[in-house]
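Protein chains: 2
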Amino acid sequence: MSVSSSPATAPSDLPLSGRRVLVPGGLGFLGLNLVPALLAAGASVRLLNRSADPLAMSWLEEVRDGRSVEVCRGDIAETGNMRDWIEGVDVVVNLAGESGALKSVREAQMDMRVNVAGHLNLLDALREAGARPRVIFVSSRLVYGVTGPTPVTEDHPTRPTSLYGVHKLTVENYHRLYWEHYGIPYVVLRVTNPYGPYQLPRRVHHGVLNRFIMAAVRGEAIQLYGGGGQLRDYISVKDVTRAVLLAATDPRAIANTFNVGFGAAVSIQSVTARILGIAGSGRLVDAPWPAGYRTVETGDFLCDVGRIRGALGWSAGIDLDTGLRETVDAYRKLL
Amino acid sequence: MSVSSSPATAPSDLPLSGRRVLVPGGLGFLGLNLVPALLAAGASVRLLNRSADPLAMSWLEEVRDGRSVEVCRGDIAETGNMRDWIEGVDVVVNLAGESGALKSVREAQMDMRVNVAGHLNLLDALREAGARPRVIFVSSRLVYGVTGPTPVTEDHPTRPTSLYGVHKLTVENYHRLYWEHYGIPYVVLRVTNPYGPYQLPRRVHHGVLNRFIMAAVRGEAIQLYGGGGQLRDYISVKDVTRAVLLAATDPRAIANTFNVGFGAAVSIQSVTARILGIAGSGRLVDAPWPAGYRTVETGDFLCDVGRIRGALGWSAGIDLDTGLRETVDAYRKLL
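Chains as they are written, first to last, in the working numbering: chain Z, 1 to 335; chain V, 1001 to 1335.
The hints are simulated quantities; they were obtained by calculation from the structure and are not laboratory data. Only true hints are included.
Simulated crosslink set (SDA-like; lysine to any residue; CA at most 20 angstroms straight-line):
1. K103(Z) - G292(Z)
2. K1103(V) - N121(Z)
3. K103(Z) - R1127(V)
Chain Z is nowhere near these chain V residues, computed Cβ spacing over 10 angstroms in every case:
4. A1040
5. G1042
6. R1067
7. P1149
8. Y1225
9. S1267
10. G1282
11. A1287
The beta-carbon is built from N, C-alpha and C at its ideal position, and this holds for glycine as well.
This is chain Z alone, in the form it adopts within the complex (with noise of 0.2 angstroms):
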């Protein structure tokens, strides 16, 4: 269905206008920071979704403000209607899945379904269709697993702590492998923590630093497990959608991995502390870790951004207060 039937706005200076894209999982929180990215280059917007929550639809609303985007339900595993999905499409930005390291362990055979399955199924529509859209397969540091507080290169071992982790990795090698075999073009971007507006606040699995933001806002404690030490590489996600649009455009994107971070680290302790005192409510309450968390907790992480510096120009351009504060009055706007 079309949400909207009203014409596109007035094409940008990226290579986007007029281009068709495809965003599998586009009603989720990174999907729904890029939708409005992508219409203001003048790009015409496909979504494909598992579910249409009523919150995320309401946030459509708000984003396409008025532009016309076309929403598909259906699920990347199924193959029934992958051609009508897939046709006429320049550009693919694959958010599909299900985040959550904890889960994943949990729910191993699931997170395959979700987080493999569905991608090889995606990739080999493209290759019988004939079609050779740029791919552009948004992966996570988790690939990584454990790798202490050293700057970590896209070169770096991969080792992860999480069946998601193994899964994104399995996925990587997918595209890249589709692009070796059939020329099928890819950019994967191995983002770090992403925080920003529009993650559903019933998400428990993954957006920690959104779940303590939204839980600061509503004078909810944060807990903190194990003491928080831990040093993490936070990035607005206005600064990955940024990267997202280079990727989908910049012809010296293509066959390759970049990190998406904001290349600093801060301690999760020192991040939550910020956060309350942006907030102005909220406490701080330190917890045990829970059962299982520590098996796929990674420790220190903190990621090296000179290759995307480097090959696209991007580097992250929101400092972590601004960010906070933005996105402290985001989720106010929903108290």
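Model the placement of chain V on the given structure of chain Z, informed by the hints.
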């Protein structure tokens, strides 16, 4: 069904005496070489196979030599009978799956089902049943991809050229995670290019050296693609069997990944010349690369076997000429 109810042979020195060993995929090339070694060590052997090829079944009769072997018909991707199959098992030597790098790229979905889903299903069944047998997962040198002629250690980056290699890597990671999260002990063996008796003649997607040997003893042409200058690390299946027995019994093997190869490189051209000399029949035909082969081809490969030698005291004992001679004799019996 039980092929025979005759008592197991006398226990050997190996601590496999009286232990129950489940061998999914045990009617294949590696399995039929492993079974007599397991029986000789006094193990109780349960094979699990999707199909029961008549030639493989007659070979099983030959190798069990009157000793009892339990043969179950089934697929590790099925959940229905899994609890029965894993019941009371002390060791799992997991040889299930479909070989063939090029085939995996052409039949990607099939390869995922057979070479990923079934293995996860088996591990999940062990977890749910509270069973903690030692699981030996036989992986492949194909997880490395293109390496060049330098000896490859287990820490070498992994960049497979085929879905087969990607899926082996995925399942290696499953085993590591089920150890880290659930305490199911594992050993991963990355086997190079094994050759020896008991490979079915109709297998065309893998086991290149055995196919060359079969062609030579039949007086047929051996097709050598692109000159055959690339180096490979060939190992007798008997040496692989010894490595599996150590992996199944040595406490130092647990939670390790080992290369299992000869540790010496020979060109395909050179090994083919030796085969023709030993067989005294067959001939060489230069052929261009068939479609697809070049993209999965890894080029030179040679593995470093320092880790398994250091940890388990294992190294290959059968030199190439001896091994080829034994294999030529074995396949001549089939004429």
